[in-house]
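Asks: Just need the whole structure built from these sequences, with the hints factored in.
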Amino acid sequence: MNQPDNSTPGPNSPTSDKAVTSRRQFIQAGALAATSFLIVPRHVLGGKGFIAPSDKLNIAGVGIGGKGFGDVNNSFNNGANNVSALCDVDWGLPRVKEIFGKFPNAKRYKDFREMLDKEGKNIDAVTVSTADHTHAIVAMAAMQRGKHVYVQKPMTHNIYEARMLTEAARKYKVVTQMGNQGSSNPQQKQMVEWYDKGLLGTVHTVHLWTNRPVWPQGIPVPTPASETPVDLDWDLWLGPAQKVGYTPAYHPFKWRGWWNFGAGALGDIGCHIMDVPFRVLGLGYPTEVETSVGAVFLKDWTPEYIPEGCPPSSRVELKFPASSKNKSAVTMTWADGGIRPFRPEMLPAGEPFPENGENGVFLIGDKGMIACGMYGDDPKFYSKSGQKLEAAPKPKSGPNGVALPENGHQVYWTEACKAGFNSKEHKALTSSFDFAGPLTESVLMGNLAIRSYMVRSPKADGKGFNYTGRKQLTWDGKNMKITNFDEANQFVKREYREGWSLNA
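Under our numbering, read the sequence shown as residues 51 to 554, first letter to last.
Derived by calculation from the structure, the hints in this document are not laboratory data.
Certain hints may be false.
Under the rule of at most 27 angstroms between Cα atoms (straight-line distance), these lysine-lysine pairs were calculated in the DSS-like manner [what the hints assert, rightly or not]:
#1 446 with 377
#2 468 with 223
#3 223 with 438
#4 247 with 477
Have a look at the derived ranges for each label pair, beta carbon to beta carbon [claimed, not checked]:
#5 294 with 407: 50 to 60 angstroms
#6 517 with 294: 18 to 28 angstroms
#7 105 with 435: 47 to 57 angstroms
#8 273 with 373: 16 to 26 angstroms
#9 342 with 171: 50 to 60 angstroms
#10 512 with 297: 33 to 43 angstroms
#11 147 with 398: 44 to 54 angstroms
C-beta: ideal position from N, C-alpha, C; glycine also.
Replies: Here you go:
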């Protein structure tokens, strides 16, 4: 299928949704100024808890059968906003059926492009919770129409897409948020305060680890099924990815382990776990990356070679230069597949690892260290002298006494959308694309190294292979380029399937 043509009015066109909204806001502002002495509080007009229709955001959800189910519901926020349209390529999924039932008046679509074309004037914001390989094209299409976007982590499938979305958010002046809900965890503020007070000293080492993947990974490429489910539009699900046959080994969940669609353990959890050191230390682009990956042996002495799939485990080392906030270069080590770091010297004997060792973060400085769980949960500080500090428990409700699922991450985004681009609410968001873009690029740098690790060519004597990408790679972040192994640059971006493009 082809993308919609570019004749759709741009965000600054006199007939665009954005321009219409601006005129409406101007008229409303003038009317209010002229009659301000007549204004009566809304709760008097409409009763306690009344929300004027003009104060509600009209939201569309794309990808609603998995994580998107929660993203739409949390953005709806118990009626604080409207759900105007719902889009998913597979109407047979139980959660898709459930959310259709919850919002019976929302228009239903399988193709996000058709939805944006037909419902554009009825939509203010879009949640994007599809498989990784379609995050960028959906988000870009929405932003080009002046729609605010909430995009699940990882923000994109590859580094180039992340850079393009980050720049597009500024260009189209829309409010953005990535779905790494731990960044709205109030306990993260405590870690920033500990660091800013100098308790850790200068941080030089970061350890990150996870028990992911918790889906089949490092396995042979599956055989396509003989039939595709009747409710699934498989061609739309593939989108810009290279065409392969449907199999339940890809959809609805196990796509994460295949490079054509997913970003492996790093893509699934890296944006949650790496968020902590990025926020606390003010990190930017890495300058070097190196990796090693686990092998699978189905035959004696012969490791499986599956470049289409993510490995069963990996270890990645990223190096970041000193920054204005942290005066030392930082070595960050990521480990997945159940591999975790050894006990740091400052972690007292008998003190448990975060999350019983399944997922966690260690920030190690010359004076002390911080340990926390995957979403920045339950942080603890340990000093060289034996001091221990714990963060206050997370509040059970938000500022208004109402429980906020996922730390209020979607709710804060919707309130920022109402306030507008560059508002104080927008600037207060914890994972707008200005932050989430560089974070995502660094996460995906690990995947670039993993895929480079698998690059091989036959030896001259025909006995075995040369693996030329198994070395430390140097990265020019500004220009998005590996400078010492050109073959690695094929993984910076991908070739889209014919009929699909990412035009900013």
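Asks: If a hint holds in the structure, say so; if it doesn't, say that too.
Replies: Hint-by-hint comparison with the structure:
With a CA separation close to 36 angstroms, the supplied pair residue 446 and residue 377 exceeds the 27 angstroms bound. For the hint pairing residue 468 with residue 223, the CA-to-CA distance comes to about 13 angstroms; that is within 27 angstroms, so the pair holds. Taken as a hint, the residue 223 and residue 438 pair is broken in the structure, with Cα atoms around 44 angstroms apart against an allowance of 27 angstroms. For a cut-off of 27 angstroms, the pair hint linking residue 247 to residue 477 stands: about 23 angstroms separates their Cα positions.
At about 36 angstroms, the beta-carbon gap between residue 294 and residue 407 misses the expected band of 50 to 60 angstroms. Distance hint check for residue 517 and residue 294: the Cβ-Cβ separation is about 26 angstroms, which falls inside the suggested range of 18 to 28 angstroms. Between residue 105 and residue 435 the beta carbons are some 53 angstroms apart, a value that agrees with the proposed interval 47 to 57 angstroms. Between residue 273 and residue 373 the C-beta distance comes to about 49 angstroms, which lies outside the given range of 16 to 26 angstroms.
The beta-carbon spacing between residue 342 and residue 171, approximately 52 angstroms, falls within the hinted interval of 50 to 60 angstroms. At about 34 angstroms, the CB distance of residue 512 to residue 297 agrees with the hint of 33 to 43 angstroms. At roughly 51 angstroms, the beta carbons of residue 147 and residue 398 sit within the given window of 44 to 54 angstroms.
Violated hints for the displayed structure, listed by number in ascending order: 1, 3, 5 and 8.
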